[in-house]
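A.B. asks: Each chain, letter by letter, is given below.
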Amino acid sequence: MKRVYVNEEWCLGCRLCEYHCAFANSGKTHMASALMNVKIRPNIRVEDDGKVCYAVSCRHCEEPLCVTSCITGALTRENGVITIDGARCVGCFTCVLSCPYGCVRPTGQGAMQKCELCLTNGGVPRCVIGCPNNAIVFEER
Amino acid sequence: MKYVIIGNSAAAVGAVEGLRSVDPEGAITLVSNETYHTYSRPLISYLLQGRTDRQRMKYRPDDFYETNGCRTLFGRTAVKLEPEKRSVLLDDGTALTYDSLLVAAGSSPFVPPMAGLESVEKHFSFMSLDDANALEQALFPEARVLIVGAGLIGLKCAEGIFGRVGKITVLDLAAHVLPSILDEAGAALVQRALESKGVDFRPGVSVKRFSGGSAELADGQALAFDILVTAVGVRPNAALVRDAGGETDGGILVDDKMRTTLCGVYAAGDCVLSHDLSCGSARILAILPNAYSGGFAAGTAMAGGEPAPRRTLPMNAIGLFGLHIATAGSYTGEVYQAQDAESYKKLFYSGGVLRGYILIGDVDRAGIYTALIREQTPLSQIDFPAVCREPSLIAFGRAYRDEKLAGKKD
Ligand SMILES: Cc1cc2nc3c(=O)[nH]c(=O)nc-3n(C[C@H](O)[C@H](O)[C@H](O)COP(=O)(O)OP(=O)(O)OC[C@H]3O[C@@H](n4cnc5c(N)ncnc54)[C@H](O)[C@@H]3O)c2cc1C
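If you read the sequences in order, they're chains A and B.
Under the numbering used here, the first residue of the first sequence is numbered 1, with each subsequent residue one higher.
Under the numbering used here, the first residue of the second sequence is numbered 1, with each subsequent residue one higher.
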């Protein structure tokens, strides 16, 4: 099954993945209008301590603690992809408390959000398409 | 194979999914004294707040029982286990036979003996959808509500009815709110948030006597109220197993396959004693994630499968009036502490591993800390000072990231 993997040695720390992710999930058609003057909340995040940098996004774990811990049943894993039903999520943060990678975060509007592999954005993750250096890839490993 | 499950909540649903992961065919019967489609118990306060509704608070989709081939007997109570006959007796006289049975009976509110309690006309617990509905019926805009117990359930109840009543007073015998999961300094932040909303909190006090709509407190004061909610604590529903001769010690004793000491009888969820790996002892872990995962393990084992090893610990995420709290593990050992205007953080470590934490305000990526406790990661292997400052994967080093983020096996 194809997943998002990161090649740490290729990451430039440019954070374009964060912008592409935020744009893809904004529902807007123009990048500028989607991102101008907004605090973006991407589902992929670059960690950078000045020495190393790389991007982190949901691993779509086979034994997903976010799903088994979800108190509402809003998080589910189907065909290897973990998705969240924003209408059922009440924003209790139990998934935030459970995810070992820190990859579930609040939308700012009450519910939580996470990487859904751009299932509804054309099927190829936009962070991958937008990465200028092949540091983020979508492949079987 | 014939499976019977007593209960219809998180542990029971986990068991159905565990059973079906191994045995797609066997007959499953769910028995519950509640009459509803499985719902998320913690959402009853969100229901009163209007942040969810009866449809959205269902823990599983409408077709859950159908999809999983479950027969449901709702509105019935299991009254007696007869393990030697592999049979369970229901309150209407029916006897159900089984090959294996799961007790997923959860817990019940504990109402301590309080003088004059029977004279209180409007007295509620806050554990079930029925409780929430009954409480909602009693609410009116000027109502003075007294909540006894400032634990998770009492405070969630306060949040649930906030804005729909005139005044809320919460009292607790303990010196601060959320005594089982917060320290004094952390609790002070939560108390401030409550008080800024006008919720009256009275620490270190109990009710000596009720008479009608008045509570005489141990410190001599009198408090008038219209509605009383008791939320002092919960007790595991262990009687079915205990009365049949199974071992219990507060909660039901189970092994790593969730087997009780009764042949063919399993148990999971709020009714069992769990292993708390953060302190190494057996405790009641009355939290939903533990109920689901215990149920899943039980179901897997009941169907003859090998359940994955479970690593269990106390962990709570609570939002109260917009303030977020995340806690996990045990609060022993040395402490790393950081605090600013918006957030409060305490990490507890001993024996070279993280034991517990308290985060208030900023709970972003708290799961990285939870994982350190759960996996008992040697702190010598990571950049602990860095992870104390901010939870990130930087501290874990390249090999860990190559495995987790790049899918490399070695
Ligand atoms: C207000 C509130 C807020 C909460 N918030 C959180 C939270 O934020 N996070 C969290 O992790 N946990 C929370 N909890 C705890 C969580 O709800 C429980 O840990 C979880 O529901 C336990 O699931 P269970 O399946 O073990 O038992 P339960 O949910 O208690 O279900 C047991 C079921 O068995 C039925 N039953 C019992 N005995 C019998 C019998 N003899 N015959 C037939 N049926 C029987 C009961 O009626 C019930 O339907 C909260 C609880 C409450 C009340």
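Among the hints, a few may not be true.
Derived pair list, reagent style BS3-like, types lysine-lysine, alpha-carbon separation capped at 27 Å [to be verified]:
| # | chain 1 | residue 1 | chain 2 | residue 2 |
| --- | --- | --- | --- | --- |
| 1 | A | 114 | B | 408 |
| 2 | B | 409 | A | 2 |
| 3 | A | 114 | B | 257 |
| 4 | A | 51 | B | 404 |
| 5 | A | 2 | A | 114 |
Bear in mind the hints are in silico, worked out from the structure with no lab data behind them.
A.B. asks: Each of the hints needs a verdict: does it hold here or not?
C.D. replies: Comparing the hints with the structure gives:
Distance check on the hinted pair: residue 114 (chain A) and residue 408 (chain B) sit about 23 Å apart at the alpha-carbon level, within 27 Å; holds. For the proposed pair residue 409 (chain B) and residue 2 (chain A), the alpha carbon gap of about 16 Å is at most 27 Å, so the pair holds. Taking the CA atoms of residue 114 (chain A) and residue 257 (chain B), the gap is about 33 Å. The hint is violated against a cut of 27 Å. Under the criterion of a C-alpha separation no larger than 27 Å, the hint pairing residue 51 (chain A) with residue 404 (chain B) is consistent with the structure, at around 20 Å.
The suggested pairing of residue 2 (chain A) with residue 114 (chain A) holds, with an alpha-carbon distance near 17 Å, which does not exceed 27 Å.
Going down the numbered hints, you'll see the structure goes against just number 3.
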